[in-house]
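Trainee: Sequence:
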Amino acid sequence: MKNIADLIDRLRELHQRTRETPLFNPVFQLGLDLSRELEAGEIDLDGLEAIVAELECESLKSRATRLRRLVSPVAPESNAKALAATLKSEDFDAFRASWEVPQLHAVFTAHPTFLLTPDQSEAVARAASQDGEIDNAVCVTGAERPQVTLDFEHGRAMRAIANAQDARDTIVARLLEHAAEAWPDKWFDFSPLPFRFASWVGYDMDGRTDIKWFHSIGFRLSEKAERLDRYAVSLEAIDGEHALLATLRPAAEYAAARAADFSADLSEPDALSSAANRLTQDDPDKLLSLAPIIEALESEARTCDKPRAFQLKTLASAMRADGLGMGWIHFRVNSSQLHNAIRRQIDPGNTLDLSSKGAMVVLRDLLAQVKPLRSNFAALAIESSTAIRQFLAMAQILAHVDSDAPIRMLIAECEQPSTILAALYFAKLFGIDDHVDVSPLFETESALEHGGRFLDALLKEDIYREYARKRGRVAIQTGFSDAGRFVGQLPASLAIERLQGRLSQAMEKNGLTDVAALIFNTHGESMGRGAHPDSFADRLNWPLSPWSKRRFARAGVRLEPEVSFQGGDGYLFFSTPELALATLTRIAEVRPAETDPDAPTDPFYRRTDLSLDFYRAIRSHQRHHLESKTYSRAVTAFGLGLLNSTGSRVSRRQSDLSADRDMSLRQIRAIPHNSVLQQLGYPVNVISGVGSAADGTYEDIAQLIQESERGKQLIRLVRSSNALASIKTVAAYGELFNSAYWASRPYRGTEGHLTSACETLAEYLTKDDRTGVYRRLASRLRVDALKLHRLLDLLPDENPLEDRETIRRAIGAAQALRLALLQHMFLKAVSIPAFSRANDISRDDVLEMVFSLRVDDALAQLRRAYPTHFPSIDDFAVDQPSDYPDGSEEGYALIGRDYIDPIERAYGLCLRLSTAIANAFGAHG
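The sequence shown begins at 67 in our numbering and counts up by one.
Hints listed in this document are in silico derivations from the structure and should not be mistaken for laboratory results.
Fair warning: there could be bad hints in the mix.
[To be verified] Simulated restraints, written as ranges between beta carbons of each label pair: (1) Ala326 <-> Glu361: 23 to 33 Å; (2) Thr832 <-> Ala106: 24 to 34 Å; (3) Arg78 <-> Ala806: 19 to 29 Å; (4) Gln772 <-> Asp580: 39 to 49 Å; (5) Ala141 <-> Glu319: 35 to 45 Å.
[Stated by the list, open to error] Only pairs whose alpha carbons sit at most 27 Å apart, straight line, appear in this in silico BS3-like list of lysine-lysine: (6) Lys526 <-> Lys437; (7) Lys894 <-> Lys68; (8) Lys536 <-> Lys575; (9) Lys536 <-> Lys423; (10) Lys833 <-> Lys894; (11) Lys853 <-> Lys695; (12) Lys372 <-> Lys154; (13) Lys833 <-> Lys695; (14) Lys252 <-> Lys147.
Just so you know, even glycine gets a beta-carbon here, dropped at the ideal spot from N, CA and C.
Required output: the full structure, derived from the provided sequences and hints.
Mentor: The structure is reproduced here in structure tokens:
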């Protein structure tokens, strides 16, 4: 078998054999066929690498095709027509109401989702940005993966935002032209602001300690310099001699100089003092507000011809949206960090329960008496509390970088109102409560379950209501990462939807209908993290449903929807001007901030006797997996060894082998958890439980779903995931650890050259638990899948996946090829001569590292045991002759060539296959 076509043909033949015996596993058998060819020398790693490159190529084509399908059409002229078709001219006031507040806030987040190399991202984006066939030009294979640093992530975020800003300018200009044509006497009063952009890259401290406070200041200054330069370029294109250029250009240069100051290491007091003094001192070029410039541009627009007026008002709109930065910024801390900080103020003895009514009384008193304190960079430098440091950093940014743009303070794992009051206390303490939006994150099972009571209690607080009116909004964040991991993606989405409904109730009940509800739905870029893959309409309506929006509309509360575009995967939507314009146009067509309050109730919400039981049953099934040692062991069996490193915030692997064997799901972050499920072949947290929940009521559930838009959307998500899933693949990974398989492989004289290695593997794996674990998991998944297929047979397939079987076969071929490579690694590992114990690492430890795919650690130990570079006798100018050493050390080089190097190369090919499989699923994590 020399290419993909051969593998797919063979896999198709093998699938026919499942009719003979249901337990036959085509994926594992194909892996064995390839392994036999490899170990017999009929094909070598060079040949397998050629097939890997072919699979990579096909996966990149698939990725580009999927991206273009989601945002199609991509041609600028087509999107101009699409936008024009959405514009209505009946009423000027209604038109202004639709477009003078953001239809969507888009937040460019990071985390480990930079799956593709920069060259691959460029190729995919370029292919998706054009009409016509996606050909082999997209096939950038075997590219070396650069280290993903925080600076790299920030640079990529800024590039994506820049394309988004340009696309927004195009849309704003068209909105102005339409208004001028429809209302020639009124259009000057129109100030469009259709989208806002933000980022937390460089400001998110949740779960990481590598970001210093001066990094955040430096990033904000660099963003200010970049945005001022972009404003100047836009103004220069309007008028190269415009008077305001004399303000913008020096201000950009000043900000760039200060950014350079804060990009250095400011750990020492002298270095910090110097940088801080330069930033805080008065300077004519230290621009802190764009308000006078916006006013000047708007005034000039009233006195000039229309083409120039459109350009000036477009620039003013951009300034109004972004301020003195590439967009708004989101700081993020964990609730525990805030609790540690507030205890210093109210409970130094650590005796007060912060969730108690007593704590609330103490915090109310504290907030009533707080007096704002001045702060400076020295105070920031010496502060030890992460949470307080964030507030101090925000205070310095507002005082010395941008005094207009608000800052979001996101609080992860926020489960009690006292946490919000603690955040408000620090905002007031440093005098920034009028510019900071404190936003609790509801993501854990407990937070979603009790979130309604949390919101009721918080919005009853007089001091919070006063703060919300001052800010003009109530801000919350709902997360799909840990929710999807610990609750299951479908139950999490429905729980989040109910929480949003409870927010509308609480706002109406507590007289807060005069402020907006800003709901930040932080999904990721995969089905397992809240990104619906079927269409952009589904992507927007899945996390914030029409039902939720109607609840706010009927309560008279203006909605500010916000979503994330995460990392390299999410940035693809804005990676070229064409894609950015297409993406924003699709959003403009959906109008996520609007809804019809008089639309009839979806039966999914009316027939709660069915839908609520359905939801609870899925949730119960997902919880069973979460609490099951079988599921936990299966997901963690390979640690994170199936995954490439794709971000600056990484999950470290355990150094203790026994800890690896008992690794908890909570030790793996949400993104790697989803990625592992993709790599094992079955997105359990999306699919599992739906079939079992319908058991006994198939016809009733099917009828409800067919009558419900929400129900259909739910099933579209399940179908999309199920179309790529394979339970046989899950089972195949368990057979790698089957002692009986290895003992039987050289049976009857076949593969006699592997007898010793297979015997060693068979004996070693008699005590391994992974075969049983994967078999039990596959059995549970199969029973549930039978029930799911029974339900799906009753429902029409709205969006059948094109070439479904071809894609499934390609994934199966990639999985089989990786199984062959893993077997090659196992055989090589047990064939290495025994070595003496060094630094408490034994040969069995090294074998376990290989079996758990801690390959880098294993290679490091093997190269220490069998060095190929050491001092030579020829390095010494000694006169006396010697017959020793006699060259026997060259044997170590042969061990490296024949065993260690092949393990490293095979593992490298495994990781390239991981990329190909992730591309087929449409995202990393």
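Trainee: Are the hints correct? Go through all of them and say.
Mentor: Comparing the hints with the structure gives:
no.	hint	result
1	Ala326 <-> Glu361: 23 to 33 Å	holds, 31 Å
2	Thr832 <-> Ala106: 24 to 34 Å	holds, 27 Å
3	Arg78 <-> Ala806: 19 to 29 Å	holds, 28 Å
4	Gln772 <-> Asp580: 39 to 49 Å	holds, 41 Å
5	Ala141 <-> Glu319: 35 to 45 Å	holds, 38 Å
6	Lys526 <-> Lys437	holds, 23 Å
7	Lys894 <-> Lys68	holds, 23 Å
8	Lys536 <-> Lys575	holds, 19 Å
9	Lys536 <-> Lys423	holds, 26 Å
10	Lys833 <-> Lys894	holds, 20 Å
11	Lys853 <-> Lys695	holds, 23 Å
12	Lys372 <-> Lys154	holds, 21 Å
13	Lys833 <-> Lys695	holds, 17 Å
14	Lys252 <-> Lys147	holds, 24 Å
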